[in-house]
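A.B. asks: Residue strings, one per chain:
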Amino acid sequence: DAGVTQSPTHLIKTRGQQVTLRCSPKSGHDTVSWYQQALGQGPQFIFQYYEEEERQRGNFPDRFSGHQFPNYSSELNVNALLLGDSALYLCASSLSGQGEVKNIQYFGAGTRLSVL
Amino acid sequence: AQTVTQSQPEMSVQEAETVTLSCTYDTSESDYYLFWYKQPPSRQMILVIRQEAYKQQNATENRFSVNFQKAAKSFSLKISDSQLGDAAMYFCAYRRGGTASKLTFGTGTRLQVTL
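Respectively, the protein sequence lines represent chains D and C.
With our numbering as the guide, the letters of the first sequence map in order to residues 519 to 634.
With our numbering as the guide, the letters of the second sequence map in order to residues 115 to 229.
Honestly, the hints are just simulated from the structure, not real lab data.
Treat the hints with caution; some may be incorrect.
[As the list claims (entries may be wrong)] Chain D regions said to be covered by chain C (calculated; three or more residues, Cβ under 8 Å):
id	stretch
1	565-577
2	604-615
3	623-634
Here the structure is a predicted model, which is why all the values come from computation and not from measurement.
In this text, a Cβ means the ideal position worked out from N, Cα and C, and glycines have one as well.
This is chain C alone, in the form it adopts within the complex (with noise of 0.2 Å):
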């Protein structure tokens, strides 16, 4: 069975600063997609990025970057010029590929932004 771990429960970075957030995983699939979505306390669930695992190139969606470390099994979070907006809880989350696959997610990251 896949499995994603964070292993940090909280994280707090200062405004403007950059902060990573770490995410491991295990699987034995070859095809697979990683996510990071962000929940804010309205508690919607929202995707901050994406990475195919055939992919060598590390995805980017504006201050949002990942490090994906395919042979590691790591797949780790940065937030550039940190804003008080980011602050939540962040989650990441494996899926296999194919078209009928759930979501595996890890226990999350709560991220706090100071002034």
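Excised from the complex, chain D in its bound form (with noise of 0.2 Å):
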């Protein structure tokens, strides 16, 4: 059983760049959710989509955006690189739905980007 998977694992770019991150989420699960971790630093969340809708949102500018597709995997966009942009991007997939085992978070590796 495969867990999350993102891809690419590493990723340089330069200012004002667009990129984009994919993430598959753990088999059976039909929720993501991307977090930045700054160095040093906790993980922040970014969005979280549901039913290929966005469902929910952390304080991060329009300039993320992201997509899910029907088989539940994951785009991140980010527009008009900026260097502080430059973090571990994580993706998280778990199961909606009421109960204890529903809404626990698994993560992937993550994608280290860079921006220059």
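Join the two chains, each given in its own frame, into one complex according to the hints.
C.D. replies: So, in structure tokens, the structure goes:
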């Protein structure tokens, strides 16, 4: 059973460029959340997707956008990259619903984005 | 807004010894969940243990246990019989109850395990 997978592992971009990061959720999961983790910090919530809709959003500008596909995989897009966007981007998947085992988020290994 | 505070940037423990990592949180919610995640150098966040706020009994997972003090809003992690593989960043996280809810993380504690 494959866990959460993210691609690419590492990415280098220059200021002003656009980037797309990809995430495949754990088998059976229907919800994908994205987090940004700056060096030495805890992850910060960007947004969450469920049923192909953005269900919740953190305090990030509109340059950050996403998409969820019918197979539950997801993309994170960042436009007009800034130096401050350099970070580890983590994807987490979960199964929506009530109950103790629902809504537990399992993480991928992340994409390291460097903006030069 | 909910906040999670980890006041120990770094901790060190000898192999086979016990160590406790501290976490406090602030919330006005009554329905919530607390988690400890481990992040080794491989970067992948691994769920260590979780606690449901409505449960009075402290959660345990093998060598890992928590001390959940709801009134004090404290949620510490105890690692018994520490192993070299326990060395990692440990993050405390909070999630409000319900189906659509983000995780709020603390700033982490780096745990070193020495021989």
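A.B. asks: Give a verdict on every hint.
C.D. replies: Hint-by-hint comparison with the structure:
no.: 1; hint: 565-577; result: holds (count 5)
no.: 2; hint: 604-615; result: holds (count 5)
no.: 3; hint: 623-634; result: holds (count 7)
Hint violations for this structure: none, all hints satisfied.
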